[in-house]
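A.B. asks: Residue strings, one per chain:
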Amino acid sequence: MTEEILVVDNLRKWFPIKAGLLQKTVGYVKAVDGVSLKIRRGETYGLVGESGSGKTTLGKSILRLIEPTGGTVLYDGIDVTKAKKREVKKLRRRMQIIFQDPYASLDPRQTVGSTLSEAMRTHGLVSSKSEAITHARELLLRVGLNEEHLFRFPHEFSGGQRQRIAVARALAVDPDFIVLDEPTSFLDVSVQAQVLDLLKDLQKELNLTYMFISHNLSVVQYMSNRVGVMYLGSIMEDAERDMIYKAPEHPYSDFLMAAIPIPDPEFKKVRKLLSGDVPSPVNIPPGCRFNPRCPYATEKCQVGDVPFYTGSGSHHNVACHYVVDFEGGTQTLRPAIPIQTAEARIRS
Amino acid sequence: MVSQDREPILETKDLTVHFKTYRGEVKALEKVELALHKHEVLALVGESGCGKSVTALTILGLLPQNAFVLEGGIFFKGEDLLKISSEHMREIRAEEIAAIFQDPVTFLNPVLTIGVQLREAFLVQKHVWSEVSHYKGKPSGEEIKDFLMKRDTPETKSQHERMSGREKEKIAQDLSEKILHLVRLADTKRILTQYPHELSGGMRQRCMIAMALARRPSIIVADEITTALDVTVQAQILTLLTELRDAIDASTILITHDLSVAAETADRIAVMYAGNVAEVATTKELFRNPLHPYTQLLMRCIPDVRKPVVRLESIRGSVPDLIDPPSGCRFHPRCPFAMEICREKKPDLKDVGNEHLVHCHLY
Amino acid sequence: MTETVVQTDTRQSETKARIAELKYALYLMRQNPLVLTGLVLVIFFVVLAAVATLVVSPDEAFKLEFGQSYCWSSSIFSWTQLEATCPPGTNFILGTDGFGRDLFNMIILSIPLDLEIAFVIVAIATVFGVALGAVAAWVGGKFDEAILRITDIFFAFPGLVLALVFAALFGRTIQTLTIAVLLVWWPTYVRLTRGQVLVEKERTYVEALKSIGVNPARIVLFHIIPNSIYPIVVQMTLDIGGVILTFSALMFLGFSPSPALPELGNLASDGIGHVFTAPWLIVFPGLTILIIALAFNLVGDGLRDILDPRLRR
Chain L
30 MTEEILVVDN LRKWFPIKAG LLQKTVGYVK AVDGVSLKIR RGETYGLVGE
80 SGSGKTTLGK SILRLIEPTG GTVLYDGIDV TKAKKREVKK LRRRMQIIFQ
130 DPYASLDPRQ TVGSTLSEAM RTHGLVSSKS EAITHARELL LRVGLNEEHL
180 FRFPHEFSGG QRQRIAVARA LAVDPDFIVL DEPTSFLDVS VQAQVLDLLK
230 DLQKELNLTY MFISHNLSVV QYMSNRVGVM YLGSIMEDAE RDMIYKAPEH
280 PYSDFLMAAI PIPDPEFKKV RKLLSGDVPS PVNIPPGCRF NPRCPYATEK
330 CQVGDVPFYT GSGSHHNVAC HYVVDFEGGT QTLRPAIPIQ TAEARIRS
Chain D
727 MVSQDREPIL ETKDLTVHFK TYRGEVKALE KVELALHKHE VLALVGESGC
777 GKSVTALTIL GLLPQNAFVL EGGIFFKGED LLKISSEHMR EIRAEEIAAI
827 FQDPVTFLNP VLTIGVQLRE AFLVQKHVWS EVSHYKGKPS GEEIKDFLMK
877 RDTPETKSQH ERMSGREKEK IAQDLSEKIL HLVRLADTKR ILTQYPHELS
927 GGMRQRCMIA MALARRPSII VADEITTALD VTVQAQILTL LTELRDAIDA
977 STILITHDLS VAAETADRIA VMYAGNVAEV ATTKELFRNP LHPYTQLLMR
1027 CIPDVRKPVV RLESIRGSVP DLIDPPSGCR FHPRCPFAME ICREKKPDLK
1077 DVGNEHLVHC HLY
Chain V
10 MTETVVQTDT RQSETKARIA ELKYALYLMR QNPLVLTGLV LVIFFVVLAA
60 VATLVVSPDE AFKLEFGQSY CWSSSIFSWT QLEATCPPGT NFILGTDGFG
110 RDLFNMIILS IPLDLEIAFV IVAIATVFGV ALGAVAAWVG GKFDEAILRI
160 TDIFFAFPGL VLALVFAALF GRTIQTLTIA VLLVWWPTYV RLTRGQVLVE
210 KERTYVEALK SIGVNPARIV LFHIIPNSIY PIVVQMTLDI GGVILTFSAL
260 MFLGFSPSPA LPELGNLASD GIGHVFTAPW LIVFPGLTIL IIALAFNLVG
310 DGLRDILDPR LRR
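Taken in sequence, the protein lines are chains L, D and V.
Each residue of the first sequence is one higher than the one before, starting from 30 at the first, in our numbering.
Each residue of the second sequence is one higher than the one before, starting from 727 at the first, in our numbering.
Each residue of the third sequence is one higher than the one before, starting from 10 at the first, in our numbering.
Note that these hints are calculated values from the structure, not bench results.
This structure is a prediction, so every number in the text was calculated from the model and none was measured.
Using N, Cα and C, we set each Cβ at its ideal position, and we do this for glycine too.
Some hints could be false.
25 Å max Cα-Cα, derived DSS-like pairs, lysine-lysine [unchecked claim]:
| # | chain 1 | residue 1 | chain 2 | residue 2 |
| --- | --- | --- | --- | --- |
| 1 | L | Lys-113 | V | Lys-219 |
| 2 | L | Lys-114 | V | Lys-210 |
| 3 | L | Lys-301 | D | Lys-739 |
| 4 | V | Lys-151 | L | Lys-53 |
| 5 | L | Lys-114 | V | Lys-219 |
| 6 | V | Lys-210 | L | Lys-113 |
| 7 | D | Lys-753 | L | Lys-297 |
| 8 | V | Lys-32 | D | Lys-753 |
| 9 | L | Lys-275 | D | Lys-1076 |
| 10 | D | Lys-753 | D | Lys-809 |
| 11 | D | Lys-915 | D | Lys-1010 |
| 12 | D | Lys-746 | L | Lys-233 |
| 13 | D | Lys-1033 | D | Lys-757 |
| 14 | V | Lys-210 | L | Lys-119 |
| 15 | D | Lys-1033 | L | Lys-297 |
| 16 | V | Lys-25 | L | Lys-158 |
| 17 | D | Lys-1033 | L | Lys-229 |
| 18 | D | Lys-739 | D | Lys-1076 |
| 19 | L | Lys-301 | D | Lys-1072 |
| 20 | L | Lys-114 | V | Lys-151 |
| 21 | D | Lys-1033 | D | Lys-1071 |
| 22 | D | Lys-764 | D | Lys-739 |
| 23 | D | Lys-1033 | D | Lys-753 |
| 24 | D | Lys-746 | D | Lys-757 |
| 25 | V | Lys-210 | V | Lys-151 |
| 26 | L | Lys-118 | V | Lys-32 |
| 27 | V | Lys-72 | L | Lys-47 |
| 28 | D | Lys-757 | D | Lys-809 |
| 29 | L | Lys-158 | V | Lys-210 |
Just so you have them, the derived chain V footprint on chain L, three or more residues with Cβ under 8 Å [to be verified]:
| # | stretch |
| --- | --- |
| 30 | 127–138 |
| 31 | 142–154 |
Sequences are here, hints too, so could you generate the full structure?
C.D. replies: Listed below in structure tokens is the structure:
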């Protein structure tokens, strides 16, 4: 068993934009544009980014819920991107997803028990109705619900409870890897805490690997071991969690961290405001994607691809030509030494 | 922080609002008491079902058909807003109390350009803008703020009455462009010609703020305005609000579920739970010394980036069903310090000094 | 041992849940008196259709007594100005038709026929239309385009005209007339279903089902279609009335297989020439059609509200 359960190499997802009478392709929404990362067994990889960053598309492309346009995804050695239908179905059992909106991810006409047993029956995990019911009961208890919920419909539950049901459904097929796409964004703070703790407990109990996608940086910090910062379809920085939060090396990461609201009125935040809005993935700026908004950008940043350089942490990737000193009044720009080899693209 | 007058500009007393639904009567608000002072930012913080949005809607007079006010009053400039005619309320919404909502996509008219909607915000006022002819070209920040601070005199009112419709339109057009500068939007001429869907979330939110400011209100009610925004855009909007607060003469009710947002922007915070006000204090005081058990637990649920924890505490149980809420103090089933009396009697408001008010039997 | 205990417990929970559903349905019924009226009427007509042949002997349809044509003699009320003479001692509550048959009995006899035809047409149109519409929407692409064009062609013809042409070409038996009306009706279901499925297939729960690995056929059949069904059910109930009207119209225009056929439209057509002398011949069958259509309409409206879990609040 390899240490890495998931290896993503130069994954791309481009959505064609069609216009005109003949529906010609006039451009592409480059939602995911060359993403490479590795996730180790049993860890939680946090993927952060703002709207338009492509993080949700990335999560779904890894699972092949969206067909990637290019690149590869290796799950436990199996090439997900090239797998045939039957293989994909088998993979569905091992790779699961929890969606963001608990109010939309369950079939409103199906009882909870039916939803769970359908998942089990799809993969032949139960052979009789009573077996399904028993197993479903266990699942519900495990996620903190109880037996009578089996016969209720989704609309009878609160958001937090629905997410628990979604977790139960994901667990019903006995997966190894779960993509969590903003699982608590729609939930109240106190409920969020419950759901996050549940996820952590389950991870320990069942040795699960998570990819936790969120725009809420405080939550990602709580859940993750490693963090990847995405911007406009590409990863800007990829490092251990504490590195990103305490000493980020990419200017965008730095702005993100500075923007996090702190629950302490007496904490004097350094005001670092990013100007402008996130541009659209239809018109990705040439050179470094972030350069139009980056206060440290130079001419070098406006042309050519930006490879992953090695940062100062362990297995630290930074997609920036410069080492920037964010502290203090002066920012000293020093060109870092680029590593141009192809292997370095997925160095971790 | 900026100094505030003692005298509250808006006060709710004993506000009790119920909703009729097919499952029964939802007791959304129960004897809510709030006071908003001049020039302050009061945050209403709470989770879903706590009644913060209902409070805002009641103040604005925008409750749905199936809602009714059982008792209580909302006192603004000597009037009880619950007892005035809907026509009068509409006037107040036009000129005195402005609202900004969470989702500009649904609250901005998708078939009208920003320019048209902004002009409308200006033109809806009965009295207008004094000495407007002063502002030629791009006004300075000072001039705009000055304009927003102005209040009408009998002179300006008669001036307004003498203006033709055409003149008013032209002035409104001019002001629309200028007010967009105030909310830090660039390329204002172009934005005025665009439709809401052509703008980004942050820009739309700024436009909504501009529309609220255009009416030079005394009170701005901002309901979850940054919830749908990215964190960097949220930071921009909150900074903007803080700057504006210092510049203009309006008080703000900031409704949010995010205590951190309140910590950064508010002068005072009112924590609400299940239709009651649990605790009210200045921001500093609340964080230094949270008294209500719900406030304390809530603060412990929030992950703080500066001090990462291994495990988040949560509040056991869940938010109660407001059709059949718990007796006495509505928080008692989930409260670690609950006593006998908590189940029987609803706690009174206690002033523990330092402008700190709590609804709890512990004090 | 524990298995059986589990079974009874869960069965209890199950019945509790079902009862709650029923209670909600009844609550909605109480809320909306019109729906209740509609439902009562529908039940009435269905029951009547079932027992019609017991109440009135089918032989009545063939008792042709021309001596009693277009006469009226009711002990309950009378058309004073237009009294046509009936033999003394007879009692026809709604008068007689051109063949001297008791109109009241004829109406009762025609109800099962009309309802049966209506149900058959709507059922076939629905099953066929829904299946085609769902597949077209799910598969998309050229197949979808093709289906759309075909339904367009059918829509291009005014319904009645299409039915008339078909009937003229293939003769006038009840079967051919049924098919004629069916041809008019099925494209609506294709379009309706297609629209619903197009929306539903983008929903998150469908994505979730795909992520579980559920078979697409199963997703469409057991998840998407049940969730798309509400407007279809409403359409079905509205159509029952519509079909009866169309069918009756066909008969009315003279396409009936036999002048003596007890069918509401047919009965009415008999009275065209006698509007002023025997108006009851048009009025009463027409009124019956109206009431049946109305009843189904009301029920359709209410059904939508009851069936959709999402509309609950």
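A.B. asks: All hints are to be evaluated individually against the structure, with a verdict given for each.
C.D. replies: Going down the list of hints, with the structure as the test:
1. Pair hint Lys-113 (chain L) plus Lys-219 (chain V) holds up; C-alpha atoms about 15 Å apart against a cutoff of 25 Å.
2. Distance restraint check for Lys-114 (chain L) and Lys-210 (chain V): the Cα-Cα separation of roughly 20 Å lies within the 25 Å cut-off, and the hinted pair is therefore satisfied.
3. With a C-alpha separation of about 41 Å, the suggested pair Lys-301 (chain L) and Lys-739 (chain D) falls outside the 25 Å cut-off, and the hint is violated.
4. Straight-line distance between C-alpha atoms of Lys-151 (chain V) and Lys-53 (chain L) comes to about 17 Å, which keeps the hinted pair within the 25 Å bound.
5. The suggested pairing of Lys-114 (chain L) with Lys-219 (chain V) holds, with an alpha-carbon distance near 12 Å, which does not exceed 25 Å.
6. Restraint check: the Cα-Cα separation between Lys-210 (chain V) and Lys-113 (chain L) comes to about 23 Å, which is no more than 25 Å; the hinted pair holds.
7. Using a Cα cut-off of 25 Å, the hinted pair Lys-753 (chain D) and Lys-297 (chain L) is violated, with the two alpha carbons roughly 40 Å apart.
8. Taking the CA atoms of Lys-32 (chain V) and Lys-753 (chain D), the gap is near 23 Å; set against the 25 Å cutoff, the hint holds.
9. About 42 Å separates the Cα atoms of Lys-275 (chain L) and Lys-1076 (chain D), which puts this hinted pair outside 25 Å; it is violated.
10. At most 25 Å may separate the alpha-carbon atoms for a hinted pair to count; Lys-753 (chain D) and Lys-809 (chain D) meet this at roughly 21 Å.
11. At most 25 Å may separate the alpha-carbon atoms for a hinted pair to count; Lys-915 (chain D) and Lys-1010 (chain D) exceed this at roughly 41 Å.
12. For a cut-off of 25 Å, the pair hint linking Lys-746 (chain D) to Lys-233 (chain L) is broken: about 46 Å separates their Cα positions.
13. Proximity of Lys-1033 (chain D) to Lys-757 (chain D) is assessed by CA-CA distance (about 37 Å); at most 25 Å being required, the pair is judged violated.
14. Distance check on the hinted pair: Lys-210 (chain V) and Lys-119 (chain L) sit about 23 Å apart at the alpha-carbon level, within 25 Å; holds.
15. Restraint check: the Cα-Cα separation between Lys-1033 (chain D) and Lys-297 (chain L) comes to about 15 Å, which is no more than 25 Å; the hinted pair holds.
16. Pair hint Lys-25 (chain V) plus Lys-158 (chain L) holds up; C-alpha atoms about 19 Å apart against a cutoff of 25 Å.
17. In summary, the hint linking Lys-1033 (chain D) to Lys-229 (chain L) is supported, as the alpha carbons are separated by about 18 Å, within the 25 Å threshold.
18. Between Lys-739 (chain D) and Lys-1076 (chain D), the direct Cα distance comes to roughly 15 Å. Compliance with the 25 Å bound is thereby established for this hinted pair.
19. Between Lys-301 (chain L) and Lys-1072 (chain D) the alpha-carbon distance is near 45 Å, which puts this suggested pair outside the 25 Å criterion.
20. A C-alpha spacing of about 23 Å is found between Lys-114 (chain L) and Lys-151 (chain V), which places the hinted pair at or below 25 Å, so the restraint holds.
21. Distance check on the hinted pair: Lys-1033 (chain D) and Lys-1071 (chain D) sit about 38 Å apart at the alpha-carbon level, beyond 25 Å; violated.
22. Taking the CA atoms of Lys-764 (chain D) and Lys-739 (chain D), the gap is about 18 Å. The hint holds against a cut of 25 Å.
23. Our distance criterion of 25 Å between C-alpha atoms is broken by Lys-1033 (chain D) and Lys-753 (chain D), whose separation comes to about 38 Å.
24. The hinted pair formed by Lys-746 (chain D) and Lys-757 (chain D) meets the criterion: a straight-line CA distance of about 18 Å does not exceed 25 Å.
25. Taken as a hint, the Lys-210 (chain V) and Lys-151 (chain V) pair is honoured in the structure, with Cα atoms around 18 Å apart against an allowance of 25 Å.
26. Between Lys-118 (chain L) and Lys-32 (chain V) the CA atoms are separated by roughly 41 Å; this puts the pair beyond 25 Å, and the hint is violated.
27. Our distance criterion of 25 Å between C-alpha atoms is broken by Lys-72 (chain V) and Lys-47 (chain L), whose separation comes to about 70 Å.
28. Proximity of Lys-757 (chain D) to Lys-809 (chain D) is assessed by CA-CA distance (about 17 Å); at most 25 Å being required, the pair is judged to hold.
29. Proposed proximity of Lys-158 (chain L) and Lys-210 (chain V) is contradicted: the alpha carbons are some 28 Å apart, above 25 Å.
30. Restraint check on the stretch 127–138 of chain L versus chain V: 8 residues with Cβ-Cβ distances below 8 Å, three needed, restraint holds.
31. Given as covered by chain V, the stretch 142–154 of chain L passes the check, having 4 residues with a CB less than 8 Å from a CB of that chain where 3 are the minimum.
Of the numbered hints given earlier, the model fails hints 3, 7, 9, 11, 12, 13, 19, 21, 23, 26, 27 and 29; all others are met.
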